[in-house]
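Novice: Read off the chains here:
Number of protein chains: 2
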Amino acid sequence: MSIKSEVLAANAEYAEGFGELGALGLPPARGFAILTCMDARLDPAKYAGLSEGDAHVIRNAGGRATDDAIRSLVISYKLLGTREWFVIHHSNCGMEYFTDAEMRSLLAQSLDTAALGPEGFYDTGTGPGSTEADYINWHTISDNAQSVVEDVARIRRHPLVPARIPIYGLIYDVTTGRLIEIDDASKAGAAS
Amino acid sequence: MSIKSEVLAANAEYAEGFGELGALGLPPARGFAILTCMDARLDPAKYAGLSEGDAHVIRNAGGRATDDAIRSLVISYKLLGTREWFVIHHSNCGMEYFTDAEMRSLLAQSLDTAALGPEGFYDTGTGPGSTEADYINWHTISDNAQSVVEDVARIRRHPLVPARIPIYGLIYDVTTGRLIEIDDASKAGAAS
Chain A
5 MSIKSEVLAA
15 NAEYAEGFGE
25 LGALGLPPAR
35 GFAILTCMDA
45 RLDPAKYAGL
55 SEGDAHVIRN
65 AGGRATDDAI
75 RSLVISYKLL
85 GTREWFVIHH
95 SNCGMEYFTD
105 AEMRSLLAQS
115 LDTAALGPEG
125 FYDTGTGPGS
135 TEADYINWHT
145 ISDNAQSVVE
155 DVARIRRHPL
165 VPARIPIYGL
175 IYDVTTGRLI
185 EIDDASKAGA
195 AS
Chain B
5 MSIKSEVLAA
15 NAEYAEGFGE
25 LGALGLPPAR
35 GFAILTCMDA
45 RLDPAKYAGL
55 SEGDAHVIRN
65 AGGRATDDAI
75 RSLVISYKLL
85 GTREWFVIHH
95 SNCGMEYFTD
105 AEMRSLLAQS
115 LDTAALGPEG
125 FYDTGTGPGS
135 TEADYINWHT
145 ISDNAQSVVE
155 DVARIRRHPL
165 VPARIPIYGL
175 IYDVTTGRLI
185 EIDDASKAGA
195 AS
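Top line first, the protein sequences correspond to chains A and B. Every letter in the first sequence is one number past the one before it in my numbering, and letter 147, counting from 1, is 151. Every letter in the second sequence is one number past the one before it in my numbering, and letter 83, counting from 1, is 87.
Don't take every hint at face value.
Identical chains blur together in the list; that is why a pair holds if it fits in one copy or across any two.
Claimed, not checked - Derived pair list, reagent style DMTMM-like, types lysine to aspartate or glutamate, alpha-carbon separation capped at 25 Å:
hint, residue 1, residue 2
1, Lys8, Glu88
2, Lys50, Glu20
3, Lys50, Asp187
4, Lys50, Glu10
5, Lys8, Glu154
6, Lys8, Glu136
7, Lys8, Glu185
8, Lys8, Glu100
9, Lys50, Glu185
10, Lys8, Asp187
11, Lys50, Asp177
12, Lys8, Glu20
13, Lys8, Asp177
14, Lys50, Asp104
15, Lys8, Glu56
16, Lys50, Glu17
17, Lys50, Asp116
18, Lys8, Asp116
No lab work stands behind these hints, which were simulated from the structure alone. Computed from a predicted structure; not experimentally measured.
Pulled out of the complex, with its shape left as it was, chain A reads as follows:
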């Protein structure tokens, strides 16, 4: 079965038991938002105990506080009333295993998928590649606790983010499923 057929079959089964979920309103019932990584091992609904309708979930590579994540967070509070936010990065994040320079060099070589060796990603593809990657900030991470602190701080000092919104910084441990609070996250935000 193709991936698309598998997804549609799983969806038909989900829709079968949908029942009263169809009556949920647009604003998040529990009034909060989570910004986290796209990593396949992370299921924010499961790791944070969310039911359908509870909370906004924003995800990108790294769970970084990019302009687009902040666009989403501002819509989340201004139009849909969220009052608290979580920034959740995680251990063993793919974003720790390359630099902007490496990503640019890999993509300049080919658009094929790179392989991961003991010394990082290397390209085995055949070209053409593209220098378009030179114009992109890949938002890589060198230290997870640090990236959480920085991202909470960036959101905190954004001119469209009200000071009243608490922003919690956490790390998700992919080996245990546990969320670990990063103590300095809010403080770093408040201080900046």
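Starting from the known structure of chain A, arrange chain B on it as the hints suggest.
Specialist: What follows is chain B alone, placed relative to chain A:
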């Protein structure tokens, strides 16, 4: 109980039964990625049948093909080997209920949460607001099927996206839980 305590309590319960999930590898086991909206009613793991480790999930306001979503998709295939992508917008999306001009005006008035009336969002907050919103493209949606087609097309024509990756465009119906394929999505992409 505070929201943070609720999230941490739910997480402790999840981690309790974590078991072999701790051994999952970094690359998505089923080799695909989903770009969808942050809307609280959407649970992509449930509506598409994903287990932990299966697929990348990227989410922002609207599920739009922003530069940041494309950054994430390129990392997804180039470093972590996804081979197929889904772009999934949904019915009754908040992004249909305002325009860039309205969002700018609301945020210029105050940073408080707006109210939704029969004629759209209106501000009841007290200032100060911020003109920073003038510098942001809010990526609003006027027609859902159209936004899916446009976003698939934008990803398709990006210089870092290989032609071999199928990109499926769908709409999630929040009243039934069903995914509806948008026929023209791939075609529009291929044609552009």
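Novice: Between Lys50 and Glu185, at a C-alpha cutoff of 25 Å, which is it: within one copy, between copies, both, or neither?
Specialist: within (17 Å within a copy, 27 Å between copies)
Novice: Is it within, between, both, or neither for Lys50 and Glu10, if the alpha carbons may be no more than 25 Å apart?
Specialist: Intra 22 Å, inter 13 Å, cutoff 25 Å: intra and inter.
Novice: Given identical chains, is Lys8 near Glu136, meaning Cα to Cα at most 25 Å, within a copy, between copies, both, or neither?
Specialist: neither (30 Å within a copy, 41 Å between copies)
Novice: At 25 Å max between alpha carbons, let me know whether Lys8 reaches Glu56 within a copy, between copies, both or neither.
Specialist: For Lys8 and Glu56, both the intra-copy (23 Å) and inter-copy (18 Å) Cα distances are at most 25 Å.
Novice: For the identical chains here, do Lys8 and Glu100 meet the 25 Å Cα criterion within one copy, between copies, both, or neither?
Specialist: Neither. Shortest intra-copy (31 Å) and inter-copy (27 Å) distances fail the 25 Å Cα cut-off.
Novice: With identical chains treated as interchangeable, where does the CA-CA distance between Lys8 and Glu20 reach 25 Å or less: within a copy, between copies, both, or neither?
Specialist: So Lys8 and Glu20 pass the 25 Å test inside one copy only (18 Å; across, 33 Å).
Novice: Could you place Lys8 and Asp177 in one of the four classes (within, between, both, neither) given a Cα distance threshold of 25 Å?
Specialist: Between. Shortest inter-copy distance 17 Å satisfies the 25 Å Cα cut-off; intra-copy 30 Å does not.
Novice: Regarding Lys50 and Asp116, is the shortest C-alpha distance of 25 Å or less found within a copy, between copies, in both, or in neither?
Specialist: Result: close neither inside a copy nor across copies, 33 Å intra and 30 Å inter.
Novice: Evaluate Lys50 and Asp177 at a C-alpha cut-off of 25 Å and name the case that applies: within, between, both or neither.
Specialist: both (14 Å within a copy, 22 Å between copies)
Novice: As a check of your reading, is Lys8 near Glu154 (CA-CA no more than 25 Å) within one copy, between copies, both or neither?
Specialist: between (38 Å within a copy, 20 Å between copies)
Novice: Is it within a copy, between copies, both, or neither that the alpha carbon of Lys8 lies no farther than 25 Å from that of Glu88?
Specialist: For Lys8 and Glu88, the Cα distance is within 25 Å only across copies (9 Å; inside one copy 36 Å).
Novice: Given a CA cutoff of 25 Å, do Lys50 and Glu17 count as a within-copy pair, a between-copy pair, both, or neither?
Specialist: For Lys50 and Glu17, both the intra-copy (19 Å) and inter-copy (10 Å) Cα distances are at most 25 Å.
Of the numbered hints given earlier, the model fails hints 6, 8, 14 and 17; all others are met.
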